[in-house]
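Please build the complete structure, drawing on both the sequences and the hints.
Keeping their order, the protein sequence lines are chains A and B.
According to my numbering, the first sequence is numbered sequentially starting from 1.
According to my numbering, the second sequence is numbered sequentially starting from 1001.
In short, the hints are calculated from the structure, not lab data.
Please note that a few of the clues may not be correct.
To be verified - Okay, derived cross-link-like pairs now, PhoX-like style, lysine-lysine, Cα gap no bigger than 25 Å in a straight line: (1) B:Lys-1027 / B:Lys-1043; (2) A:Lys-11 / B:Lys-1011; (3) A:Lys-11 / B:Lys-1028; (4) A:Lys-370 / A:Lys-304; (5) B:Lys-1316 / A:Lys-316; (6) A:Lys-16 / A:Lys-28; (7) A:Lys-28 / B:Lys-1028; (8) B:Lys-1044 / B:Lys-1233; (9) A:Lys-28 / B:Lys-1011; (10) B:Lys-1044 / B:Lys-1056; (11) A:Lys-56 / A:Lys-11; (12) B:Lys-1056 / B:Lys-1016; (13) A:Lys-44 / A:Lys-233; (14) B:Lys-1233 / B:Lys-1016; (15) A:Lys-16 / A:Lys-233.
Protein chains: 2
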Amino acid sequence: MLNFVFENPAKIIFGKDQLSRLAPEIKKHSDRVLLVYGGGSIKKTGLYQQVTAALKENAVTYVELSGVPANPRIETVRAGIKLCRENDIGLVLAVGGGSVVDCAKTIAAGYYYAGDPWDFFTYSARITNALPVGVVLTLAASGSEMNVNAVINNDQTQEKIGVGSRHLIPRFAILDPVNTFTVPPEQTAAGAADIMSHVFEQYFSANSGAYLLDRLCEAVLQTCIHYTPIAIKEPDNYEARANLMWAGTIALNGLLSTGKETDWAAHGIEHQLSAMYDMTHGLGLALLIPHWMEYVLNENTAGKLAEYARNVWSVKDDDDFTAARRGIQLTRDFFQAIGLTGTLKDQGVTAESLPLMAEKAAARPLGSFKKLDVQDVLNILQAAY
Amino acid sequence: MLNFVFENPAKIIFGKDQLSRLAPEIKKHSDRVLLVYGGGSIKKTGLYQQVTAALKENAVTYVELSGVPANPRIETVRAGIKLCRENDIGLVLAVGGGSVVDCAKTIAAGYYYAGDPWDFFTYSARITNALPVGVVLTLAASGSEMNVNAVINNDQTQEKIGVGSRHLIPRFAILDPVNTFTVPPEQTAAGAADIMSHVFEQYFSANSGAYLLDRLCEAVLQTCIHYTPIAIKEPDNYEARANLMWAGTIALNGLLSTGKETDWAAHGIEHQLSAMYDMTHGLGLALLIPHWMEYVLNENTAGKLAEYARNVWSVKDDDDFTAARRGIQLTRDFFQAIGLTGTLKDQGVTAESLPLMAEKAAARPLGSFKKLDVQDVLNILQAAY
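As structure tokens, then:
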């Protein structure tokens, strides 16, 4: 195990009927809120009405920023920062999934930065402060509700880039699994693929000896494999939704990467698909990951991929390569079974764009389980095409 | 899954050569420290010299409270509070294992309480504030370095009682596995039994549906089973010590009990042994737990005990009762293999004391996986006798 520092002060309020706790948590920080949400599904489900009623009843003033898309754009962040400054906002409240949370976090950091918030993503400016962020989560996927990360798209530069800062950890997040009952099957599946991909990025590590962390990773993977088909078939199955929701948070709150180098190559590649084609992040990952696994399978990695196959998929083969290949096939089968199927071509990706995406993905060092160069990335993209 | 709130802001600094971080962490809070430690083993290992050198080099003034015993006594707590008040102390630094940490935490809370600190343990006073606590950990066992708990002995009343308060969560803890290389085999084993018992108390729950948490519990148990024999055989095996150390923290930092009722009956019974006979906590637990498992095995609990046997011990039996019994036997075998062997009688416990201990343990509601009354506790104690 490598040295590490683990510190995550986010307060998670988990379960049914927790909205009465929203206003008291907000008022620890401010009574002036920027309410950030997406395309309006929270109005259909009634969550918007519940949240705004709770704010009004508790004399919390709010300004709205709606229409945050999946793959949130830097323009929306800029608009949010402007609203915060004009309205003397003291807390940014995200009501939605990972895109809404990431947008809210970036607004919160941009508030304290005089320049353009895209500077954070080109690494020409560092996040040194942020408004407090609160979350009411509606999707089990990104883990953003309890971590340092925010990922934002820039249409001008056709980039999707993530940043991390301890200032971005939300102060509190309300996780009511009931708020995910209305998530449709394809988004439920994409969310689960996102959770599993986060685990893969931390599980498949060049380091050995982090046995405890590997077993914890397998626990989260098994949970996704067990409950995703149930949640798709029975959208209001509380047990399934609750396990997936908490799994999504634990998958990326820092715990699973303690003591390890992490990989993140699949994310580096997928971000190009989301940036150029606005592809759903979890779908893009599901289409890429089995090909990434196949591509990185070699003498150095076979043992670990076989361990995955044996511990997560109960594969019995003695030979590491055989077991690893079987595990990869079962991973592909699983993604297909939950509806994450097809090729990049099916999703409208053009063959001509693959070299550019490969170049962008490999512009910075990519991968640690196996380091990937431009040609490696192109090979993986072509395999998935 | 039941509703829960999870919030744990402790900063964990894990790994080799981290003592340079000690003084900066302390000085975030104060430059006047009460240095709490045990019987002097840290002087033999040189850790005392390293810690005090780091304090002196960074102009941190310190007052010492040494001699904290295993099963820390309320008298030591009282002495520590007096030292804090006389010396205008701003942070309590525990250098040791769980007993030292629990003593430091109780001193930190008692500092702000005008009455006697035992009042916290009779529940006649609540902890409403505490001095900041820092930890340099030397034993993988209690998990106290990242949690709300403190357990203290009172020789006058022959009681060992725990309290919990968010004010008791240490601000930081330095976990260097190298500092556990010198822990002798019997303490290494007792520490592992303590960690495993913490998991058992959360794993064996009357609630179903917390699949994710069950798998996470199994991960920690498997880690203890895998590495304890290695750490006993090769005391300076870093990988084994590191995995056990982080397992001990994760076992009781609140994560594994999210969404579940917990049991804590075995602890309730063992505390009587530690209170009356000053028994090593982990040893007492190892002697009791297989008997507790056998005693609580019934139609309601067989499924869960069989799940434990299958997932942790790879037991293959189809029948739940058969599988459960096999898992219990493997648990007993494991404790014996790491040297935690014998009966309560072997440890100097008298047959006459069993009814009194049973009465004390069952004075408050005991158990949740299976509720236990006085006669139940007596039966378990007699089985272990």
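Can you list which hints this structure breaks, lowest number first?
-> No hint contradicted; all consistent.
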